[in-house]
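Trainee: These are the residues of each chain, in order.
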Amino acid sequence: MPKSGSTPKISRRTALAGLSASAALLAMPRIGRAADETIRIGFPTPLTGPFAAEARDQVKCAELAVKLVNDKGGIAGRKVELLVRDDKLNAGEAATRTLELIEKDKVHAVVGALSSAVQLGVNEVTRARGVIYVSISQSDTINEAKDFSKYTFHEALNPHMTTAAVARQTLKKGMKVAHLVADYAYGHEMLRGFKRAQAAIGADNVGEILHPFGAADYSTFMPRLMSMRPDVLCISNFGRDQANAIKQAVDFGVKQQMKIVVPVILHNQRLAVGPDVFEGVVGGANYYWGLEPQSKTAADFNAAFRAAYGGAIPTDYGAYGYSGVASLLLAMQAAGGTDNDKVVDALEKLQYDLTKGPQHYRKCDHQSVQSVLVLESKKKSAMANDNDLFAILANDAGSDDMLRSCGELGHTT
Amino acid sequence: MDLSLIIMQLLSGIALGAVLVITALGLTIVFGMLGVVNFAHGALFMIGAYAGLYLASLTGSFWWGLLLAPILIGAFGMLIEFVLIRRLYGRSIDDPLLLTFGLSYVLVEGVRIVFGSDGIPFPTPPQLIGVLDLGIGFFPRYRLFVIALVAVVLLVLWLTLEKTRVGLIVRAGARDPTIMQVLGVDIGRVWLAIFGLGVGLAALGGVLAGPMRSVNPEMGALVLAEAFVVTVIGGLGSIVGAVVAGLMVGISISMVALFAPEMATIVMFALMAVVLLIRPQGLFGVRGRTA
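Taken in order, these protein sequences are the chains called E and R.
Residue numbering for the first sequence follows numbering that gives the first Met the number 0, beginning at 0 and increasing consecutively.
Residue numbering for the second sequence follows numbering that gives the first Met the number 0, beginning at 0 and increasing consecutively.
Don't read these hints as lab results, they were simulated from the structure.
Any given hint could turn out to be false.
[Unchecked claim] Going by beta-carbon spacing under 8 angstroms, a handful of chain E positions derived as facing chain R:
hint	residue
1	Ala215
2	Pro222
3	Arg223
4	Ser226
5	Met227
6	Ala307
7	Tyr308
8	Ile312
[To be verified] With the Cβ distance kept under 10 angstroms, some of the chain E side facing chain R (calculated, not the full set):
hint	residue
9	Asp182
10	Val205
11	Ile208
12	Gln256
13	Asp275
Beta carbons: idealized from backbone N, C-alpha and C, even for Gly.
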């Protein structure tokens, strides 16, 4: 305002008063319009770092879930928008991004996170501000009473479910079991799950080796693992750690002596190291596209994904991104909007079937009760095409018995 | 604890150390002779792995990849020296450090764009698949090959530097480049060759590591940290130091893994801290050297 100096009649104070009044006027219609305002979903996920491949699949599928709802006219006439943020696999970064999503972008709910520590960071923020958070990380400390809030939901499988299902398929009474475990929350939770399943089956624990998170070389653990002479080796780690550990175990001839079992067998890691290395490895999964002959829902989900992404198939972690966002949107639809308490109520009552069969959130801890797949990696010669990675050994239907009891997690109900 | 297990563990440590030696070697040679701290060393290691993989699939043989990738990436290193690094000689040590640091981001991002950010499988050469029965246990053939190859590379490098005229010029050039120029040696060409050699060694390390680890754009980050630790323990610029420290770190990691596996990564840094306290210049370093 170059002329302000020549118009001294308007004092700075009146100018400010006038400005703020007009600002208030401008803001007014926004409040009136809130009902048809876009619904914004925050989506923190580790787009950079070792889990980037999984994170990108999550984003693709989350975007698909949003697109499908918008194509049908949105929710109560309101469009849905997904706000993706890179949490860099760092709890502090995730908390900051989540805070921005809530305070600055005014998101109505948050879905996402992949790592166990990161989901806790996100949950801290959403819980304190009473924002709904649907976690898609495969760790369940978030369901325990100390971290839980009525706004906290957990769509992913948890270590207890996957290890029990895998153990049922691979362990027998009297078998000797050794463990190679990543030394952080995820590994510890998986180890706890396996040991509990092992005890129930009557298999013997012959040793545990904890390895540093993100290690590139596992050769130094192999001689000791071999000397334990187990029948089964459970490797409980994630992402590239899984690929490297299995590859090096195979190099050391581990597969000739014992079976390799993992709590969660990762689609992208199997692609990254090839069929020969993974051949015969058994692990749990939330989703596998090959479910389509047995499940109409899976066939529909695959078809929607293929149509949106040029014939590609959705992965395990992709399915989490889809069901996490889609279940939330279903609840919003049922609640007729974004009123927090109504959506929480709707999520608790929701019976949904989005990717693989019926699911619901358990009342006490908001864990999604769902089926668990057990997969075995196929031999190269047995693969019908490049996407034909696994054979489905089991598809255990979801039930409350799969979960730790509400009481054990510290919930009073 | 029985003896055969300890021997097997020692062997794992030596194999691990062999890869550490080869990666630290390039870093320490470039620093010792050029005074350049090459932060792109890890990224070039990764590029080497990708180049090896690409060349191996192009020619249908791992061996061509192993031979050609270090040469090709070494030539690429010379290009980097000629176009970028050369302009920064005579300036403070931070300038090439920042340049190579930035370069590492460009390289990693470039690979992500070309090959994607997922890992790619790098198959073990068919002749070296499987394990060898050593009587006391089984050991992967490929890792034994890595130990042998690294030993050969070290021998060739040592003979070249100590017994040939080229080696003499290189060593003299590292000590006093001005006198060398006065004597009529084109020191620029020597530096070009040295940087190419350092980068070629990084690439060789990458190709060798490929069949042991999954190949992905971030694989160099950890390697850079390890190479620096080895270089610091051995003494910045010392070739013997890099060899001794590389094996020392490999064996320490392996032995600690036997008794306290979760400490396996930390031991490397603990070793570095101890060495720095007792001998700040590193085991074979020269005191007060600032390049």
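Trainee: Please flag the earlier hints that this structure goes against, numbers listed from lowest up.
Mentor: Result: hints 5, 6, 7, 8, 10 break, sorted rising.
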